[in-house]
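From first to last, the protein sequence lines are chains F and Y.
Under our numbering, read the first sequence as residues 144 to 605, first letter to last.
Under our numbering, read the second sequence as residues 30 to 1117, first letter to last.
Worth flagging that the hints you see were computed from the coordinates, not collected in a lab.
Owing to the predicted nature of the structure, the values given are computational and were not obtained by experimental measurement.
Glycine is no exception: its CB is placed at the ideal position from the N, C-alpha and C atoms.
Mixed in with the good hints, there may be bad ones.
Claimed, not checked - Residues from chain F that face chain Y, not an exhaustive set, calculated with beta carbons under 10 Å:
no. : residue
1   : SER222
2   : ASP238
3   : ALA251
4   : LEU323
5   : PRO329
6   : VAL359
7   : PHE446
Unchecked claim - Mimicking BS3-like on lysine-lysine, the simulated pairs with C-alpha atoms at most 30 Å apart in a straight line are:
no. : chain 1 : residue 1 : chain 2 : residue 2
8   : Y       : LYS1088   : Y       : LYS938
9   : Y       : LYS284    : Y       : LYS379
10  : F       : LYS486    : Y       : LYS541
11  : Y       : LYS815    : Y       : LYS198
12  : F       : LYS416    : Y       : LYS609
13  : Y       : LYS216    : Y       : LYS973
14  : Y       : LYS381    : Y       : LYS1068
15  : F       : LYS486    : Y       : LYS609
16  : Y       : LYS934    : Y       : LYS953
For reference, the chains in residue letters:
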Amino acid sequence: MKRIIYIVLVVFISTHISGCKKFLYQEPSNNISISDIFKDLEGARTTLAGSYEQLKSVSYYLKDFSAYAELTAGNIKYSKLSNRALLSSYDFNNDATLNDMEPFFRTAYNIIYNTNTIIANINNVADASASQKNKLLADAYSLRALVHFDLNRVFAQSFAFTADGGHPAVFIKNRITSVLTPFGTPATSTAVFNQVKSDLDSAILLYPNSVNIFTVGNDKTYFSLDAARALKSRVALYSNDWPTVITLCTEIIGSNRYPLLSNGAYVNSWRGKNISSESIFEIGFGNSIAGSLGDYYNPANNFYGQFATSNDLLNLFGPGDVRGANSMFVSASINATTFYFTKKYQGMNDSANNIKVLRSSELYLNRAEAYAESNNLAAALADLNVIRKRANPAATDFLSTEQQIVINEILAERRRELCFEAHGFFDLSRKKRDLVRTDCVSAACSFIYPDSRYAIIIPRVN
Amino acid sequence: MMRTAFFLTVFLILIGMGSSAQRVTLKGENISMEEGIAAIKQQTNYSFFYDVSLLKNTKPVTINLQNATIEEALKVLFSNQPIGYRIESSVIVLTPKKATVSTARPAINDVVLKGRVVNDNNEPLQGAVLTLIGAPLVGSTDSRGQFELKLTPDQASRGTLVVTFVGYKKAELRISKRTELLVELMKDEQMLDNFIITNSYAGAKRKEEVVGSISTVSNEELQVIRPIESFDKMLEGLAAGVQVEQSTELGTPVKINIRGQNALSALNRTNVTQLTTSSQPLFVVDGVPITEQRKGDESIAFLNNEELLNPIAGLNPDDIESISILKDAAAASIYGANASNGVIIITTKKGKAGKTRLNVGYSNGWAQSINKIKWLNGFDYHGLVKEMYLNDGRSPLDAELLAGANNINTPWFELVNRYSTFTNVDIDVSGGTDKTSFRLSGSYLKQEAIQKGNDYEKVYARLRIDHQLANKFKMTVSMAPTITKKNALNVYAAVPIIPNAPSFNADGSFYKFATLGVPNPLAILDQNTNLHSGGSFNGNIRLEYTLRRNLSLATTFGIDGLQNKLNLFDSPLNATGESKNGFAQIFDRTSFSWISSSQVNWSPQVKQIHKFDVIAGFEARQESTNLLKGSGTGFTYYRLNELSNASRQSSASSSQQSTAASIYGQAGYNFKSKIFSTLSGRYDAASIFGTDVNATVNAAVGLGWIISKEDFFTLPNWVDMLRLRVSYGTTGNSRIGSYQARGLYGFNNTGYNGGTSSFPSSAPNPDLGWEKNYKSNVGIDIGIKKRFNITLEFYQNILDDAITPIPVPAQNGFISVLANIGKMRNAGMDLSLNAQVFDGDFKWRTVLNVGYNKNKIIAIKNKASLFGASTEGTVLREGVSTGAIWGFEFAGVDPATGRELYIDKTGKKVSVFDLDRNIATGGKYLGDRLPKAQGAFINSFSYKAISLTVTMPYSFGSKILIDNSSENNGRNLSNRNQSINLLDRWQKPGDVTNIPLLSASTNPLVYTSSKYVYDNTFIQLSNVSVSYTLPKKYTTRLKGIGITVYGNANNIGYWYKQKSAEGRNGIKEYRFNFPQAQTFTWGTRISI
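Generate coordinates for the entire structure from the input sequences, incorporating the hints supplied.
In structure tokens form, the structure reads like this:
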């Protein structure tokens, strides 16, 4: 009897214990571990798509980053008095801890972490061909360059702020480091520009030997050889490297792959998810209820809609300009005041508009500026007038022989053409211009260059 | 090795002895009566019933008996002693021998006294002992509770009969020539208290044997008739050292701190979704742990909008027999890695053999709000908004226009609140035979919140069956399904809605706040849906097989499941769903866990001197949660709000699973019932940590010494009991959510261009390991004059390797990572005083519970401090409490400028503009959210059939930081109503006030200013219950039907140390965002 009991006990306990190892191992089902996801192309592709998806974060192109340069440059005024987005930025009140660009900073470096992880794990992707790996790498480099560059635009003084570029800029993260790495000091402006350029050069070398790996979305919603080169032309513009701007812009414009929109097609190109003919890279929106820039720019959204257009900007458009108040803006009366909202982002929910990041109009203006700065005024005016007359075919050519006047007009044209596309304040900063906001309610509507407020202090949340 | 050999020998001897069932072997020279009795008890199924004093005059005997019958053994043992005995079923009743002599006296003049002894339920008590004061006469009752005594005439006229029965209070009755007596014995609560459940593995133990720190709360003490929907909220103040944080919402989880908060506070920082370790105790219902509802592991689609129900609310408070709260390591470490925050063991009622009994209860009541925040009326509001705009440089015309109407005052609070009702019906049937007993209960509860659109309905049922399958085989089954329905339309925002806007348009439609973007709360009530409907199921089966008299095997299998469906609909007709043309969401949450444990119980004893009881077992547990979500927008017709009517639909699912396997054991040793010790431990392995650190061992040792039983201590007469206890050990906390140690990619299936996207969601931290909580406890128990009981305990809990998400520089790709970083101490004292001040027709029992605790963070490794969001003033910092409020010291408003003044870190008074408003560099300690001392003062009185209970919880020394958005510097004025305190704003130079000049744009906002910190020291009159029980004489006439009627007033009022200014808001109003309900109920209980 006793023996039987002991046997039963021993068997009972041992069966319990032997099943233990397996019992105690649980794989997560909502997430996949880093080591696991790069085992195949399918997994690696989702990580890359994730980087693009994060460009759409509210803290990045879906609001904070997009609107920052516009609010600060004086293109936007608020149409409401409460729940105003990015008010500290508008008032230039950001500091290290209370900083409404902190979410952007955080998202941006999370994307960079992701791109670094892709680059580091590229050889683990067992079932990808060399050209598929090249696409993964090239996109990762391009995105890493774009994000570093955008960070630098917000958080650092411009390239020429100091003569040697030795002023502090943002952190360079070009490899995976432990998450516990201390805060440290940021890199110099020169180092950041070099890093961005080197990443773009890597991408430009890889693209010719790559194949598309994505199955959804228009090609223009992903980086490409031309997108990397267009971005490089912008980087060159920000580092006053005029010959590079001219070369790259000429190559892309000359290819005729991105013909300028006609005057008649201009307004409609900003509706829905139309891929515009002149777009080189757009951030793609699937059907989604997740949010859109339209939430902030559309007066019909009476909770978030608030980014109205300042008179400073509206007054810049001449009569007959297709980009002016009557054609490119919708008006709405709020509390008995009429406000104008740009049509660039009126779509909400399912009809959310793609966000245009690189398009050939910018390249014309980049090249115009580079020509003007190189004192080739005729070429500069030619490019400028292409954009001017596309907007208003009835306009006469702008002519001047004064280099400064030409440059000023190009900057004004940039403001007219590229408003609400994350250029405004950055153009002032890199051109060392004073800030003048007239249609503005703030303690800091205007200030003289140089000023510490041209760069936001790097957020540091403890 | 020696010890093992010893135990093994003892084990074998005892098995050998056990086999001789009802035969007795007694050998030895000069055996004391105690030893003799003990030996018989050990070898047979008989138990003894006697007064210890009986054995005083006995003499040792020398016996040599082999395999004797029980009768033979007793005859030999008591042959020459002044003790008589009687065998009644399996009880041997010892009586003074002279009694037999008295009956031998001539019977000529004797009077026969007949009678019956019953309990308060009119059930006969068999074996009650009857004695006569001053006479050697003794008798006892038979199976029908009846007795017959022969008395001398003198005794019959002047004698006093004393009736005693274990577990009941002694009754003394003057005979006064009566010849028939009905004796009713009342339950002795103190005696019954003597048994407490120590944990779900070991079962009940005598109180004096318990070494660990355990507070118990009985069903009666819980006062389940209160209109409170779950028992966790009822626990407030009922046990020393157990703090219950009140909430004004129905059916949501309540936070309970046992001996302070034993996990680091979660610092809510923007977008940080990582969990910290849970600070909730482990709840175990009849051996089955209740799965805590937490968020954090699910995919991001579930992060927002889903609200959780309180899982513990699935238990009907009325089904609770007793609650044991395990506070120290000796008590709790058998729960190992889940015991860090203490363990709450709930034992449910079971049926009793005998007549089938039926209880029916009904109660009903109503509630109103108390201490509500006073808001500005429409006229004052208009004036202040206008003033704010003027201060901000607007023209008078603009300001007037922007301020809105000046002739409307909409009382939003009154519009969305009501007198709410409460109804509860419960019924239970119980009974059974010696072999099978059962209890079946059912209950229906409907409770409305005072806020419209919020109510709570619950249907409970519970069935418990105890069955003796065979002589040695026992089975217990219990099943408890619960159905819950809850409406929770959140219109809290209604309260601060601007009062100078109308609620309806002239055409009767709901007014819309076009520019504010906030919904009209009346429209929400009318058009939106927020409905929880679900159920929970808790059940277990326990089998127990007795191998030998002192060796048994038990196995328990239990399940705990919760299913809840949350339907949300934001109507396209109001601002909540307007932009999406209707927004419907359905969340379906199913969590299920099972637990299986098998154990051996072994309780040998060596003579009557060394008693052991040993448990060893194995347990496996699995928890899984499955989530399903569907959402849709674009409703073609607003009244059809099923997802199929949405033009766009999306769905998501998520599942988590965690497993744990444990080996546990406990060994108790009892020396002469004077010194007790326990050694307990548990090995836990769980799936949630990194693979190399997934197992942990926790163990504890405890020692108790009943000094009053030692002869060498002469204690004053008035001390009945004096006991010392010490314990030390470790516990752990494994509840940090699953898979937190791995670097993970999270997924979005409708990601870029509608395809699948993934992104780094959590940073890898392979070193993440278990938290350890080192608990020590010293306690003293004193019993005085059988009326006063004092338990005083001092404790210290050191939490090491505490887990918290630590911020990391964002440029590293993440903003936080979970790490074992902190070391924290809770030290304090629990005092519980229990006094039966009067006992008689008028009874007064008073209980005072005090829990004093001091929390201090001893170290934050590698970090100076960790701060939460700038709005909440939380900090983890060496040297302060984990509940510390960190912020800026307010110094009033500058009478000259109307701007706020602060005392900066150097002690200088500065203007708010010059203050370093970075909380990390400029902030300082403002107070502690955790109370210094808290508990309750409970008094119950009864006079004959009427009883009254008054419960007064109190709390000292805690501070709260109120939400400043109702009372700041004018910046919220334009979009919401504000506290009436704003009327005191600064208006002109010379004004002395604490409210600055009103300005939306020029006043810097200091979120964590000390002006928003209030002292939450209070005494609450939380509950007064009056009940009247129909006296027995009527009950008898009603054939045993008992009736109790009662009335109950809950949450009658507060006394706060910090007073609110006349007509203004203070702690009293600000303490809860939404006011508390004051409830009045009345009810009836009928038992048949």
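Of the hints stated earlier, which fail here?
Of the numbered hints given earlier, the structure breaks none, since each of them holds.
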